[in-house]
Amino acid sequence: MSALDLSFFNADLVRQFLWNGFVFSIQLTLVAMAGGILIGTLLALLRLSGRSWLALPAAAYVNTMRSVPLVMVILWFFLLIPFVIGRPLGAEWSAIITFTLFEAAYYSEIMRAGIQSVSRGQVYAGNALGLTYFQTMRLIVLPQAFRNMLPVLLTQTIILFQDTSLVYAIGAYDLLKGFETAGKNFNRPVEAYLLAAAVYFVICYALSSVVKQLQTRIAIAR
Amino acid sequence: MAMIEMKNLSKWYGSFQVLKDCSTRVDRGEVVVVCGPSGSGKSTLIKCVNALERFQQGEVIIDGISVGAPGTDLPRLRARVGMVFQHFELFPHLSIMENLTLGQIRVLGRGADEARDKGVKLLERVGLREQAEKFPGQLSGGQQQRVAIARALAMDPMCMLFDEPTSALDPEMINEVLDVMVELAQEGMTMMCVSHEMGFARKVANRVIFMDRGEIVEDALKEDFFGKPRSERAQQFLSKILHH
Ligand SMILES: Nc1ncnc2c1ncn2[C@@H]1O[C@H](COP(=O)(O)OP(=O)(O)O)[C@@H](O)[C@H]1O
Ligand SMILES: [Mg+2]
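Sequences listed follow chains A and B, in order. Just so you know, my numbering puts 580 at position 56 of the first sequence, and the rest follows in order with no gaps. Just so you know, my numbering puts 436 at position 231 of the second sequence, and the rest follows in order with no gaps.
Hint data in this document are derived by calculation from the structure and do not stem from the laboratory. There may be inaccurate statements among the hints.
Derived contacts from chain B toward chain A, CB cut-off under 8 angstroms, selection only [what the hints assert, rightly or not]:
1) N255
2) L257
3) Q261
4) G346
We put the CB at the ideal spot given by N, CA and C, even for glycine.
Excised from the complex, chain A in its bound form (with noise of 0.2 angstroms):
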């Protein structure tokens, strides 16, 4: 085997092949997280509502989402869409979708330790002024919950950026896929899977140090 040549990777290569790829990357990542976080948060008041009968169908739904892996959730749901909508869904749009309903299942469960994290006082505090239970949830619990989870959130969103790259069992172009592309027509699959790693693993590293400066800050506003 010839050492390695790096030599294909130019900017020309990155707008043909790669830019596409990382905007769907970010586009899917972005969303999945906004829709994930806001559905998520939806299952956990559900969840604590008291109410069995809202409770128990959101934890069911949160618990079967966490127990099957998301490769096959990907597939079953690419797979299965277009009998229940008569027409195939594209590839990104199925990703996206299913992405968003996946990951609300864990962002769930991380707002829903958040809202435990908010006192029972904050809660009194807030009913005594007179507001409602949906005024009390939205701006007083919510905001603390949020806040206090803000580094857990952000490391699950790292955690959902790389799991972005599974979208290659469908068939979706992402940023996995434009690097097997372009591996694929410059005859260098081993430099273009190296040099994906490499751009996972800088953008990953930089979310982390932000994510861990967050923590401090935090921990000091506490």
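Given chain A's structure and the hints, the job is docking chain B with the ligands onto it.
Frame of chain A; chain B with the ligands shown alone:
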């Protein structure tokens, strides 16, 4: 006429009865101090007044409105009853001024400027005008509790509930909070205060209630209570807290 009326109130946590057939009343302009050993149900009792805690039996009537009745608009009723907690419970993610304006804006529907003006006046009143833009975590315990009183007053309450407002404070900060409470009492605010500050009780209370194991054991005029508490339990309790 009674501002707060409590009739045969009983409450259980599971099979544990935390309140046993409690009845009392607080008239307009009256100050009633509630004392008793730790765990006797004082916090639970005062939280039942504005239905922060649910109760299974009996009735609480505030200003003619039954708190436990199914049709009662609890948020609206609570907005008219100020409450101050042992651990202040300021909202740590909001500035002092936002703590004071949140309820005014979201519950009473006041405009931001009006709410702010009111907030400034109340901060001046409790001597904390300069702290408006700080956050609760930057204030001392005594300062936080004064802000908490101001937050409750910002809603123009018809009566005030206090749950051991000074017992989480360092000794040197107790008086700055009590001074604000004494002033309120002297202005004619209707107050129900869980407190062991007997100096405060002697100064401004009309009546003193002594609770033990979920029961109201004594409910007497201040003069009678300090003169000759009838129950042995109350005497024991008083001798303990007065001789420390
Ligand atoms: N949420 C709860 N669940 C079960 N028991 C409780 C709860 N809150 C309070 N209690 C019990 O009720 C009793 C009265 O508590 P509390 O009203 O806080 O007393 P106090 O304020 O006089 O110290 C205590 O024995 C306490 O352990
Ligand atoms: Mg108590």
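message: Please list, smallest to largest, the hint numbers that this structure does not respect.
response: Of the numbered hints, 3 and 4 do not hold.
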